[in-house]
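Chains A and B are the protein sequences, given in the same order.
According to full-length UniProt numbering, the first sequence is numbered sequentially starting from 1.
According to full-length UniProt numbering, the second sequence is numbered sequentially starting from 1.
Don't take each hint at face value.
Pairs count within a copy or across copies, as identical chains cannot be separated in the list.
Below, simulated DSS-like cross-link-like pairs (lysine-lysine); rule was C-alpha separation at most 27 Å, straight line [claimed, not checked]:
1. K546 - K381
2. K381 - K489
3. K512 - K331
4. K512 - K336
5. K180 - K147
6. K489 - K225
7. K283 - K225
8. K147 - K225
9. K77 - K331
10. K546 - K180
11. K335 - K512
12. K180 - K77
13. K381 - K493
14. K493 - K336
15. K541 - K492
16. K336 - K283
17. K546 - K336
18. K541 - K493
19. K541 - K489
Keep in mind that the hints were calculated from the coordinates and are not lab data.
Number of protein chains: 2
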Amino acid sequence: MPVYHAPVADTLFVMNDVLGLERYNNLPAFAEVSPDVLEAVLGEAGRFAEDVFFPLNQSGDREGCHRAEDGSVTTPKGYREAYARFREAGWGGLSAEAAYGGQGLPHTLAAAVNEFLSSANMAFAMYPGLTRGAIAALQLHGTDEQKQLYLPKMVDGIWTGTMNLTEPHCGTDLGLLRTKAVPEGDGSYRITGQKIFISAGEHDLSDNIIHLVLARIEGSPEGVKGISLFVVPKFLPDASGEAGARNSLSCGSIEEKMGIHANATCVMNYDGATGWLVGEADKGLRAMFTMMNEARLGVGVQGLAISEIAYQNAVAYARERIQGRSLSGTKAPDKKADPIIVHPDVRRMLMTIRAINEAGRALILWTALKGDLFHLSDDAKEREAADDWMGLMTPVIKGVLTDKGFDNTVMAQQVFGGHGYIAEWGMEQYVRDARIAQIYEGANGIQALDLVGRKLALNNGRAIQAFFAEVGAFCEAHRADERMAPFTKGLKKGLNDLQAATLWLMGNAMTKPDNAGAASTDYMHLFGLVALGYMWGQMAKAANDKLAGGETSDTAFLEAKLATGRFFMDRIMPESSAHLARISSGSTSTMALDAASF
Amino acid sequence: MPVYHAPVADTLFVMNDVLGLERYNNLPAFAEVSPDVLEAVLGEAGRFAEDVFFPLNQSGDREGCHRAEDGSVTTPKGYREAYARFREAGWGGLSAEAAYGGQGLPHTLAAAVNEFLSSANMAFAMYPGLTRGAIAALQLHGTDEQKQLYLPKMVDGIWTGTMNLTEPHCGTDLGLLRTKAVPEGDGSYRITGQKIFISAGEHDLSDNIIHLVLARIEGSPEGVKGISLFVVPKFLPDASGEAGARNSLSCGSIEEKMGIHANATCVMNYDGATGWLVGEADKGLRAMFTMMNEARLGVGVQGLAISEIAYQNAVAYARERIQGRSLSGTKAPDKKADPIIVHPDVRRMLMTIRAINEAGRALILWTALKGDLFHLSDDAKEREAADDWMGLMTPVIKGVLTDKGFDNTVMAQQVFGGHGYIAEWGMEQYVRDARIAQIYEGANGIQALDLVGRKLALNNGRAIQAFFAEVGAFCEAHRADERMAPFTKGLKKGLNDLQAATLWLMGNAMTKPDNAGAASTDYMHLFGLVALGYMWGQMAKAANDKLAGGETSDTAFLEAKLATGRFFMDRIMPESSAHLARISSGSTSTMALDAASF
Numbered sequence: 001m002p003v004y005h006a007p008v009a010d011t012l013f014v015m016n017d018v019l020g021l022e023r024y025n026n027l028p029a030f031a032e033v034s035p036d037v038l039e040a041v042l043g044e045a046g047r048f049a050e051d052v053f054f055p056l057n058q059s060g061d062r063e064g065c066h067r068a069e070d071g072s073v074t075t076p077k078g079y080r081e082a083y084a085r086f087r088e089a090g091w092g093g094l095s096a097e098a099a100y101g102g103q104g105l106p107h108t109l110a111a112a113v114n115e116f117l118s119s120a121n122m123a124f125a126m127y128p129g130l131t132r133g134a135i136a137a138l139q140l141h142g143t144d145e146q147k148q149l150y151l152p153k154m155v156d157g158i159w160t161g162t163m164n165l166t167e168p169h170c171g172t173d174l175g176l177l178r179t180k181a182v183p184e185g186d187g188s189y190r191i192t193g194q195k196i197f198i199s200a201g202e203h204d205l206s207d208n209i210i211h212l213v214l215a216r217i218e219g220s221p222e223g224v225k226g227i228s229l230f231v232v233p234k235f236l237p238d239a240s241g242e243a244g245a246r247n248s249l250s251c252g253s254i255e256e257k258m259g260i261h262a263n264a265t266c267v268m269n270y271d272g273a274t275g276w277l278v279g280e281a282d283k284g285l286r287a288m289f290t291m292m293n294e295a296r297l298g299v300g301v302q303g304l305a306i307s308e309i310a311y312q313n314a315v316a317y318a319r320e321r322i323q324g325r326s327l328s329g330t331k332a333p334d335k336k337a338d339p340i341i342v343h344p345d346v347r348r349m350l351m352t353i354r355a356i357n358e359a360g361r362a363l364i365l366w367t368a369l370k371g372d373l374f375h376l377s378d379d380a381k382e383r384e385a386a387d388d389w390m391g392l393m394t395p396v397i398k399g400v401l402t403d404k405g406f407d408n409t410v411m412a413q414q415v416f417g418g419h420g421y422i423a424e425w426g427m428e429q430y431v432r433d434a435r436i437a438q439i440y441e442g443a444n445g446i447q448a449l450d451l452v453g454r455k456l457a458l459n460n461g462r463a464i465q466a467f468f469a470e471v472g473a474f475c476e477a478h479r480a481d482e483r484m485a486p487f488t489k490g491l492k493k494g495l496n497d498l499q500a501a502t503l504w505l506m507g508n509a510m511t512k513p514d515n516a517g518a519a520s521t522d523y524m525h526l527f528g529l530v531a532l533g534y535m536w537g538q539m540a541k542a543a544n545d546k547l548a549g550g551e552t553s554d555t556a557f558l559e560a561k562l563a564t565g566r567f568f569m570d571r572i573m574p575e576s577s578a579h580l581a582r583i584s585s586g587s588t589s590t591m592a593l594d595a596a597s598f
Numbered sequence: 001m002p003v004y005h006a007p008v009a010d011t012l013f014v015m016n017d018v019l020g021l022e023r024y025n026n027l028p029a030f031a032e033v034s035p036d037v038l039e040a041v042l043g044e045a046g047r048f049a050e051d052v053f054f055p056l057n058q059s060g061d062r063e064g065c066h067r068a069e070d071g072s073v074t075t076p077k078g079y080r081e082a083y084a085r086f087r088e089a090g091w092g093g094l095s096a097e098a099a100y101g102g103q104g105l106p107h108t109l110a111a112a113v114n115e116f117l118s119s120a121n122m123a124f125a126m127y128p129g130l131t132r133g134a135i136a137a138l139q140l141h142g143t144d145e146q147k148q149l150y151l152p153k154m155v156d157g158i159w160t161g162t163m164n165l166t167e168p169h170c171g172t173d174l175g176l177l178r179t180k181a182v183p184e185g186d187g188s189y190r191i192t193g194q195k196i197f198i199s200a201g202e203h204d205l206s207d208n209i210i211h212l213v214l215a216r217i218e219g220s221p222e223g224v225k226g227i228s229l230f231v232v233p234k235f236l237p238d239a240s241g242e243a244g245a246r247n248s249l250s251c252g253s254i255e256e257k258m259g260i261h262a263n264a265t266c267v268m269n270y271d272g273a274t275g276w277l278v279g280e281a282d283k284g285l286r287a288m289f290t291m292m293n294e295a296r297l298g299v300g301v302q303g304l305a306i307s308e309i310a311y312q313n314a315v316a317y318a319r320e321r322i323q324g325r326s327l328s329g330t331k332a333p334d335k336k337a338d339p340i341i342v343h344p345d346v347r348r349m350l351m352t353i354r355a356i357n358e359a360g361r362a363l364i365l366w367t368a369l370k371g372d373l374f375h376l377s378d379d380a381k382e383r384e385a386a387d388d389w390m391g392l393m394t395p396v397i398k399g400v401l402t403d404k405g406f407d408n409t410v411m412a413q414q415v416f417g418g419h420g421y422i423a424e425w426g427m428e429q430y431v432r433d434a435r436i437a438q439i440y441e442g443a444n445g446i447q448a449l450d451l452v453g454r455k456l457a458l459n460n461g462r463a464i465q466a467f468f469a470e471v472g473a474f475c476e477a478h479r480a481d482e483r484m485a486p487f488t489k490g491l492k493k494g495l496n497d498l499q500a501a502t503l504w505l506m507g508n509a510m511t512k513p514d515n516a517g518a519a520s521t522d523y524m525h526l527f528g529l530v531a532l533g534y535m536w537g538q539m540a541k542a543a544n545d546k547l548a549g550g551e552t553s554d555t556a557f558l559e560a561k562l563a564t565g566r567f568f569m570d571r572i573m574p575e576s577s578a579h580l581a582r583i584s585s586g587s588t589s590t591m592a593l594d595a596a597s598f
């Protein structure tokens with residue numbers, strides 16, 4: 001019963017009219033990406049998501065993954081076939097390097113495709129998603145031999161990847177990890193230990209699973225300075241590079257969890273498994289962060305993706321379901337009641353979700369473009385600025401878009417009334433699925449600490465100062481433009497609150513670090529409001545310019561865009577003042593109780 | 001693995017020190033309720049919840065209810081035995097009239113007991129909860145004969161009750177209902193139609209199930225003015241008043257839903273079932289509202305109850321789980337890391353939940369006491385004021401405490417990181433269970449409309465004016481008291497915002513009703529902040545007085561109470577300004593899009 005239509009038109013608006021991707025056609029990955037090609041690829045990806053991934057979403061949730069006594073894991077019915085079609089169509093290697101069989105297209109495009117796939121079937125999209133993270137880590141930190149051995153097969157998708165960080169007693173605090181690596185003398189290591197919460201840790205979709213595993217080499221220091229990264233394949237590659245002998249690792253169990261049932265979340269046992277070092281010894285955390293940053297942006301995309309499909313279904317229901325009459329007079333006199341979309345409180349919910357989704361999509365694509373520029377630009381200043389933006393926005397995209405994404409999904413479920421609570425309507429699955437995105441790849445509180453404790457002060461605050469200057473200049477540049485006034489006014493107010501909060505932190509967190517900790521989540525959300533508000537400013541400008549140029553046939557789309565942006569400024573941006581008030585209240589009452597008094 | 005301890009001490013603080021229940025010992029129900037008796041009853045209820053209901057919560061969620069082909073429904077293992085113990089102990093009749101076998105104790109006490117039972121096992125507590133609603137409706141609207149026939153058995157619990165409102169095509173808009181009632185000529189009616197989402201509609205806990213069913217008598221007007229209430233027992237009472245012949249009604253299926261799996265949510269088919277009118281013909285909605293108001297307060301209690309058990313488990317986990325070091329220096333040098341309760345962002349979550357729960361408990365008990373006074377007081381003015389307070393607070397308690405309750409439960413789950421997503425830890429069940437409370441008994445958007453569209457204007461705003469006067473006078477009376485300053489300052493700010501929002505509505509909603517609709521949810525939450533803030537003011541006063549009197553041995557409890565209240569004012573009350581800003585932005589951007597443009 002649920003519906004899904006990939007938001008191709010909105011994605012094209014951001015890519016063409018807001019980002020102006022054509023400007024970058026001097027860069028290799030962008031050379032072929034004309035607006036026509038973009039439209040064709042996104043259209044094709046949208047149809048693939050709708051036709052192949054989406055029909056398996058509800059059935060996959062119900063069936064889940066099953067582990068047999070031999071430790072093998074079966075994915076739900078239809079998943080093997082659908083994954084084969086995914087591989088054949090080459091979606092996994094969209095933005096991978098051509099040298100390894102990829103299509104070498106921009107990450108910006110891959111991010112959009114990832115949104116469609118995650119909307120259609122988040123649990124399924126995680127299998128290739130984790131592979132992409134493992135590819136990124138091997139590409140940056142692996143030896144040439146490792147790259148030649150693993151990357152072509154992982155880009156193809158015939159081998160998949162995982163990341164193994166968490167252990168029963170440690171997740172956030174990886175310094176505590178106990179998994180051991182003992183050198184064999186031949187360049188390989190024996191890996192022993194238990195990892196938990198390993199998404200896609202074992203399954204039947206691919207011929208081999210390439211585990212990237214954090215472990216401590218015997219004799220290395222305790223804490224985070226003694227952690228190394230290893231590649232530990234399920235089947236050891238033989239002389240010809242094909243999957244050979246079974247490695248001594250196995251899935252001990254799969255977790256019974258709230259959602260994403262179609263993705264196998266495994267306890268992985270390494271019993272003297274053979275692995276090879278990736279990157280330098282004891283520098284594993286750095287390599288892992290390559291995967292993690294890739295993964296965190298991907299999780300932000302999941303937040304948007306579930307919010308989007310939840311929104312679409314809520315809209316469809318609100319148009320169909322008749323109940324009560326409009327406060328401003330009957331709207332459907334031929335029916336016994338009006339469709340509930342006439343009710344302002346239903347509108348409030350739909351508009352809230354929509355306003356966050358459209359800005360979230362723009363923020364993700366804007367940031368993905370920075371990622372492309374960081375890799376491709378020949379201008380060192382541009383690369384630095386792109387890197388600064390990504391560092392700042394990674395925790396914001398992960399933390400804010402998944403928190404808002406979950407809230408939005410709950411709101412969309414609410415539009416259904418009692419039917420939202422019933423499994424067959426599909427909404428409660430979206431809520432259960434969306435919930436994990438706030439937790440994994442660093443719980444959102446950790447994202448907030450990364451932003452406040454690390455990213456703000458980096459390079460003497462260069463990134464945040466550049467952000468303030470950019471947003472401030474945007475407000476200033478369009479201050480006199482009457483069509484832009486609703487946007488610049490709200491954005492400026494949010495920016496002022498964010499700057500005040502930043503100043504407060506500078507003055508109060510050095511002397512009392514608890515002030516930073518107690519402020520962090522509010523600061524992250526305040527930052528998110530301004531970043532999303534800035535996207536609304538940029539989208540409004542693009543829409544106004546297009547309307548003023550009279551060159552468009554899509555007036556209704558652009559007018560709806562502007563109305564949605566005004567709603568954001570009226571209804572969502574005002575949260576900034578509450579965040580500022582909380583932040584500047586300090587940590588005294590937060591920390592007042594003894595642990596025993598709770 | 002989950003834990004639960006009934007919050008008896010906190011409940012006693014509210015009853016004895018804030019409400020001063022002893023003042024009312026001139027009223028019949030209160031005569032026996034000395035502080036000693038209160039403590040004994042609450043202690044016993046707490047132990048019963050902990051020992052009998054709680055151990056079946058997780059297993060009941062996993063097993064769920066099962067319908068056999070003959071339409072009979074089996075509750076999870078252990079539920080029949082536990083229900084029998086519940087009956088024997090007389091918990092169902094705690095506040096029921098002695099004339100029908102009840103204990104005649106105050107509703108205030110029953111509300112507290114209901115919190116404990118709902119924390120321990122919400123799905124289970126719903127069976128007697130629905131029976132209480134049905135008892136209330138029969139007591140107020142039934143004939144003497146009906147009361148004699150049904151009430152003693154329902155108070156005993158050997159018969160249970162349900163409410164049947166919703167049909168597939170109508171929930172909120174009951175005017176659309178189609179279930180028909182045809183008079184038989186002997187005073188009975190034949191009821192035909194389908195009802196959905198009927199909680200406890202069929203099960204194996206009781207000897208009979210007394211359905212209260214809304215239906216339209218043949219020939220009655222369309223819309224809400226043609227709805228009547230009927231009592232339709234599963235087994236027709238025989239001449240001796242015992243369960244006799246099977247009535248023509250059956251459970252067609254049970255819904256597969258997100259949570260509260262241990263409660264059977266039934267599709268009920270009435271195929272010419274025999275029923276009797278309750279109250280006047282065509283006046284069924286009024287009678288149903290008696291049940292509904294009772295039920296809405298009960299649902300508010302569920303919001304608090306799940307938030308409370310989620311909080312307790314999050315605290316236990318945060319004390320145990322070690323991860324990272326405190327920002328202000330190592331706190332557990334003997335361990336490899338500090339317990340996560342040292343981290344300000346974890347504290348922020350725990351304190352937020354705690355601050356809302358403690359005030360929510362006070363607000364529920366304060367309102368339940370008004371309910372007792374409305375029934376028992378011999379002062380007409382006091383009865384009127386009590387009724388006004390209840391009318392105003394019913395939607396606030398239902399809407400705000402369930403919205404906040406769900407948010408709190410999600411927050412408590414977040415404290416667990418990845419473990420929160422895994423079924424065995426129990427947290428994800430609390431989230432799934434808490435979700436329904438925002439939806440049933442009138443989705444929270446309907447509560448907001450009830451408050452804004454009905455309750456505010458009733459009797460020329462008498463209730464809201466009295467509330468403003470009471471809270472304003474409280475702030476004024478304690479303005480000069482330095483110990484009260486943190487409380488009166490925050491409360492006064494919230495009250496000002498609420499008054500401004502009320503004025504805005506008065507000026508803008510008459511001419512444009514969409515302004516009221518678009519404001520309603522924010523207004524309800526703004527109202528909730530002030531109501532909870534007022535409870536904090538009252539609790540702070542009681543705590544300060546007790547500390548100043550030096551008469552207490554429980555200084556730590558009282559100091560923690562004050563610290564938690566300060567946190568509320570620092571961190572939660574500031575949301576009021578965002579609500580006011582949203583409300584006064586009007587409905588233009590909310591209503592701007594065509595339905596087709598979504």
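**Message:** At most 27 Å between CA atoms: does that hold for K512 and K336 within a copy, between copies, both, or neither?
**Reply:** between (62 Å within a copy, 23 Å between copies)
**Asked** When no copy is specified for K180 and K77, does a C-alpha distance of 27 Å or less occur within a copy, between copies, both, or neither?
**Response** This pair counts as neither: shortest intra-copy Cα distance 37 Å, inter-copy 44 Å.
**Asked** How would you classify K77 and K331 at a CA-CA limit of 27 Å: within, between, both, or neither?
**Response** This pair counts as neither: shortest intra-copy Cα distance 45 Å, inter-copy 51 Å.
**Message:** Cα distance capped at 27 Å. Does K541 pair with K493 within a copy, between copies, both, or neither?
**Reply:** within (18 Å within a copy, 37 Å between copies)
**Message:** At most 27 Å between alpha carbons: which applies to K546 and K180, within, between, both or neither?
**Reply:** neither (59 Å within a copy, 57 Å between copies)
**Prompt:** Within a copy, between copies, both or neither: where do K335 and K512 come within 27 Å Cα-Cα?
**Reply:** Intra 63 Å, inter 24 Å, cutoff 27 Å: inter-copy only.
**Request:** Up to 27 Å between alpha-carbons, please classify K493 paired with K336: within, between, both or neither.
**Result:** The answer is neither: 45 Å in one copy and 45 Å across copies each exceed 27 Å.
**Request:** Measure nothing new, just compare the shortest in-copy and cross-copy C-alpha distances for K546 and K381 to 27 Å and report within, between, both or neither.
**Result:** neither (30 Å within a copy, 65 Å between copies)
**Message:** If the cut is 27 Å between Cα atoms, do K546 and K336 qualify within a copy, between copies, both or neither?
**Reply:** Neither way: K546 and K336 sit 41 Å apart in one copy and 60 Å across, limit 27 Å.
**Item:** Identical-chain pair category, K541 with K489, by Cα at 27 Å
**Value:** within (14 Å within a copy, 42 Å between copies)
**Request:** Since the copies are identical, ignore which copy is meant and state whether K512 and K331 lie within 27 Å (CA to CA) inside a copy, between copies, both or neither.
**Result:** between (58 Å within a copy, 16 Å between copies)
**Request:** Indicate which option fits the pair K381, K493 if close means a Cα-Cα distance not exceeding 27 Å: within, between, both or neither.
**Result:** Intra 30 Å, inter 48 Å, cutoff 27 Å: neither.
Going through the hint list in order, the structure does not satisfy hints 1, 2, 6, 9, 10, 12, 13, 14 and 17.
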